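Trainee: Dock chain B against the given chain D, drawing on the hints supplied.
Listed in order, the protein sequences are those of chains D and B.
Going by the working numbering, the first sequence opens with residue 1, and the numbers climb by one from there.
Going by the working numbering, the second sequence opens with residue 377, and the numbers climb by one from there.
Check before you lean on any hint, since a few could be wrong.
Under 8 Å between C-beta atoms, here's a sample of chain D residues computed to sit facing chain B [as the list claims (entries may be wrong)]:
hint, residue
1, Gly34
2, Pro203
3, Val263
Pairs of lysine-lysine residues, derived as DSS-like cross-links and limited to a Cα-Cα distance of at most 25 Å, are as follows [said to hold, decoys possible]:
hint, chain 1, residue 1, chain 2, residue 2
4, D, Lys335, B, Lys642
5, B, Lys474, D, Lys335
6, B, Lys558, B, Lys620
7, D, Lys335, B, Lys469
8, B, Lys664, D, Lys335
A short, non-exhaustive set of chain D residues, derived as facing chain B with CB atoms under 10 Å [what the hints assert, rightly or not]:
hint, residue
9, Gly36
10, Thr39
11, Leu41
12, Ile74
13, Ile112
14, Pro115
15, Thr176
16, Ser181
17, Pro190
18, Ser301
19, Asn302
20, Ser305
21, Ser308
In short, the hints are calculated from the structure, not lab data.
It should be emphasised that the depicted structure is a prediction, and the values quoted were computed from it without experimental measurement.
C-beta atoms are modelled at their ideal positions from N, C-alpha and C, and glycine is treated no differently.
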Amino acid sequence: MNQNDIKMWTPTTTVLLLIMGAGGLVALYRMFFGLGAVTNLNSIWPWGFWIAFDVLGGVAMAAGGFIIAGAVYILNWKKYKPIVRPAVLNAFFGYLLAAIAIFLDIGQSFRIWHPMVMWQVNSIMFIVAIHVVLYTSTLAAESSPMIFEKLKMTGLLNFMNKIMVPVVLFGVLLSTLHQSSLGAVYLIIPSKLSPLWYSSLLPYHFLVSAVLMGLSMVSFETILSTRVFNHKPDMDILSGLAKGSLITVSLYLIMKLWDLVTVAGIGMAFTGSTSSNMYLLEMVIGVILPFILLISRDRRSNMRSIFSVNVLVIAGIVLNRMNVALFGLADYAGKTGVDYFPSWMEFALTAGMVAFAILGFKVSVKYLNLFPEEAH
Amino acid sequence: MDINRRDFLKTAVVGGSLVLSSGARPADASMPRELPPEAVGILYDATLCIGCKSCMYNCKQFNSVEGGALYSKGATDPPYEFRTPQEIWDAPKALSSKTLNVIRVHRSGTGENKDSAENGYSFIKQHCLHCIAPTCVSVCPVAALKKDPDNGIVYYEEDRCIGCRYCMLACPFRVPQYEYEKAFPQVRKCQLCRHRIKEGSFSACCEFCPTGASIFGKVADLKVEAQKRLELKPGQEYDYPVQKVDSGEKMRRPVSKYLNHIYGAKEAGGTQYMMLAGVPFDLLGFHKNVDETFLPDLTWAYISKIPAVIVGVLLVGAGTWAITSRNKKADKEE
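In isolation and in its complexed conformation, chain D is listed as follows:
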């Protein structure tokens, strides 16, 4: 099967378009009638599902871009070259999702450019804003050769290929800072965030878990694409990614346990409260099970088991972001008696954006040379 055989107009596409349309309507409604008309946010819960899932989750999912690009262009691990383009494109969609979510989540959307000119270097939010802009541009630059190739713009294509190494290095730098700064956002609320998640090491937790998430996302997509194109998976690449995941998840497990013992105390994970149950769920799904599955070399070379690990990690790290942004604040908010549960419109908009990313990826698979080695 090759690109031309991919059918664009399938029932799935129709469904995705419908979900996108619904999300678009919610976005319009929000622009005209404000956040209160669309979300369930309130004074105790200024940040909700969009920040937790779309922004924190979306950015973590995008980490595969800088890892694979760095491995291929900086470390010169050419083995991973076939997956650079999908990894970078996936990252681009992840950041686009986050950027759209931020645009709709801030109360004054049309002032989204203010941080660029009104610097306030004490603010993590300022750091985050600068990184979103710079890194989304960097990802666009990293993806641009595909477009120039398609449009047969040889001059620009050669130029981009020439400057690709510094561009990738810049991307690695921005990602390191951006992933960790999203964790640093929460350093300011030691009295609000549950000690199960609050730690002075939060920036490092976010960075390491994003690397884990990124590796799993890339592996997940590689396996899915082998199904679409109906060819044999490159087990060398998948096992390599799984080995990377094992190293990362081991480090992450140690960091999580260290924090549990030194900050919260082990007992806090077993109190039976919502937050402690969410913590256990996150640890089992996102850290402990993947660690156990990855530790055996046989399983690291078995596609089915790698795929299971990928699904577990993606769900587990998304859960972690939901925990830090939402469930970790539940104990604190509970004292005030003010609750938050996302409105259906908050879900609908997020679903629309996910559909947009999936469809965008599909269009790219069909019309761009996303898997250069395989298409020929």
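Mentor: Coordinates of chain B only, in the frame set by chain D:
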């Protein structure tokens, strides 16, 4: 990859120093850590408060005019919470985007004894504490929230605000509120009647407090006054100043039993609004575990490392690339 290694290293170093020189200016980064010399604030004494809510009413009236913290262009009335014909009293129960100052009551048991934790009740007045090192000011990405370098008032510049609401998340006292219901919303919080102070007046809640429960003044003087009250004996008579700490007008009355705690003296590293009460503050809705350190330091610990990370990643990355691409070349030549 046919890129010249020297060119690449040059680009990396030049780019890195550009980012460095623009991205981190420690000179700008200093957050206030000391009380400004002319710092003004409020001392609230719950034992004097009779719950008349005159402060709430006048806060809303005097802040709805141009320059006030509740002002909205085009609005004819102050932003009342209840506008149905049935409800004739504006009786907010909590801070909101329409209410910058709220009097609440804590009751326990039979509720007979004023300012007692058992079988008693106590009023409490909640609004912005105007921290010495405000988290809201430190987290705002566009400096829409600022601390006045002279009087220390934490104020808001509406035109800068993008509405990210990080201030609301960061504030340990849950003070900033957001106008979710509006298409072009603002953050609302007490600005200590900054517009009135500019005209030589002072905070409306203190001017219209009939008992001296809220008094306005220099923070240094308020601290002395608060400490003096803690040292009084219950039952003894004391001349409580009314409206302002240094006003000549006093009101003599017997002293109630104080809890030995000036809330705001140490919380979040110290604030310009201080409170005295007979009932523990966590029962009055203030959380126990607010840190007594400068909270912006927690984020600065991260931000101050950024320049080193920039240099480190670029140097290590460039070095790694130089080595790995040389290896590749060597492989080819063999």
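Trainee: So, for every hint listed, does it hold in this structure?
Mentor: Evaluated hints:
1. Gly34: holds (4 Å)
2. Pro203: At about 6 Å, which falls below the 8 Å cut-off, the nearest Cβ of chain B leaves the hint on Pro203 (chain D) intact, so it holds.
3. Val263: Check failed: Cβ of Val263 (chain D) comes no nearer than 13 Å to chain B, outside 8 Å.
4. D:Lys335 to B:Lys642: holds (22 Å)
5. B:Lys474 to D:Lys335: holds (23 Å)
6. B:Lys558 to B:Lys620: violated (37 Å)
7. D:Lys335 to B:Lys469: Given pair Lys335 (chain D), Lys469 (chain B) holds - Cα atoms ~16 Å apart, limit 25 Å.
8. B:Lys664 to D:Lys335: holds (12 Å)
9. Gly36: holds (3 Å)
10. Thr39: Since chain B brings a Cβ to about 8 Å from Thr39 (chain D), closer than 10 Å, the hint holds.
11. Leu41: Given a least distance of 6 Å, the restraint on Leu41 (chain D) holds.
12. Ile74: At 5 Å from the nearest chain B Cβ, Ile74 (chain D) passes the 10 Å test, so the hint holds.
13. Ile112: holds (6 Å)
14. Pro115: holds (5 Å)
15. Thr176: At 6 Å from the nearest chain B Cβ, Thr176 (chain D) passes the 10 Å test, so the hint holds.
16. Ser181: holds (7 Å)
17. Pro190: For Pro190 (chain D), the interface hint holds, since the closest Cβ of chain B sits about 6 Å away, which is under 10 Å.
18. Ser301: violated (25 Å)
19. Asn302: Since chain B brings no Cβ nearer than about 30 Å to Asn302 (chain D), farther than 10 Å, the hint is violated.
20. Ser305: violated (31 Å)
21. Ser308: This interface hint is violated because 33 Å lies over the 10 Å limit.
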